[in-house]
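Asker: Go by the hints and put chain B onto chain A.
Protein chains: 2
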Amino acid sequence: MSGASKPSFMALALAEAERAGERGEVPVGAVVVESGTGSVLASAGNRVEELRDPTAHAEMLVLRAAAERQGAPRLTDCDLYVSLEPCAMCAAAISFARVRRLYFGASDPKGGGVEHGPRIFTQPTCHHRPEVYGGIDDARSPLINLSPIGYCHRPSCTARARPGDP
Amino acid sequence: MSGASKPSFMALALAEAERAGERGEVPVGAVVVESGTGSVLASAGNRVEELRDPTAHAEMLVLRAAAERQGAPRLTDCDLYVSLEPCAMCAAAISFARVRRLYFGASDPKGGGVEHGPRIFTQPTCHHRPEVYGGIDDARSPLINLSPIGYCHRPSCTARARPGDP
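Protein chains in written order, with the working numbering: chain A, 3 to 168; chain B, 3 to 168.
Chain A extracted, bound-state conformation (with noise of 0.2 Å):
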């Protein structure tokens, strides 16, 4: 596929937020990529209500397909891309499975666990801190025209607005 008409893997992340959102989901997408070939190993959307799983955010649900996929509970060579600044629970996962590089969209200061909240990355106990790039696309994210006061994409937070919401 030539340079001009791939999709970036950013936008890959934005489609799968989309259709979470279509499905009565938060509007969350992820991608997992392996940095070498560029081969997208797995794509996923929040899955919490459909699965009635709490843990079935956009990025667990795509490290865990990524690192079966690879045959390896650890994806050092593979970059994530998130439509939204993941929680604390995504971003410990991250670390645990040494991804190499995260690219997330819109900030989350309501509910973000990188550049807000307990930034699990820049803990002492952290032992695994991938390279992160924030705001990519962001101005695209299925979030950013929400509530003033931040989107929580947090099954916990009954604070949270759903696209359409006033």
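Note that these hints are calculated values from the structure, not bench results.
Given the structure is predicted, the values throughout are model-derived calculations rather than measurements.
Every residue, glycine too, gets a C-beta built ideally from N, C-alpha and C.
All clues given are correct.
Covered stretches of chain A (in silico footprint by chain B; criterion: 3 or more residues with CB under 8 Å from a CB of chain B, positions within the stretch not fixed):
1) 49-56
2) 123-129
Okay, the calculated beta carbon distance ranges per label pair:
3) S41/B <-> G40/A: 44 to 50 Å
4) R103/A <-> P126/B: 25 to 31 Å
5) G38/A <-> S41/B: 47 to 53 Å
6) R131/B <-> V134/A: 23 to 29 Å
7) R71/B <-> A13/A: 36 to 42 Å
8) T78/A <-> G26/B: 16 to 22 Å
9) T78/B <-> E52/A: 16 to 22 Å
10) G40/A <-> D79/B: 43 to 49 Å
Answerer: Relative to chain A, chain B alone:
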């Protein structure tokens, strides 16, 4: 089952930890109990290596299994027993699942996320905080006699010791 013969839920978690160690996993075990009935909804030990899944900590496995059994991603009437202080990933998942009470055994200064490191439940961005009871049966934890610098059950930690290591 009478109170006299009923094994404690922490004893079940410790037994799962022992079995995990025998499988070559980091020896951590967990149990989810429905508080109203005292029924065990799920029990598991770590399966990171076996499942090749960086997120397959004991706590994550039992939260997912209990939610599937309950048919809902929230476990508001449930308590979680873990043989070791949960890491940041598991602590955040416990919050998302709205677990009522967390009981854990040994503290984990190197990798814990409840009393150490990011102290997930104290973060202003944490929207549900379980009641937390630490140090339960901690002298019986299979980790307690390991390295004096503590035992890390994070798959990303290269400094960890396994049972039987010097």
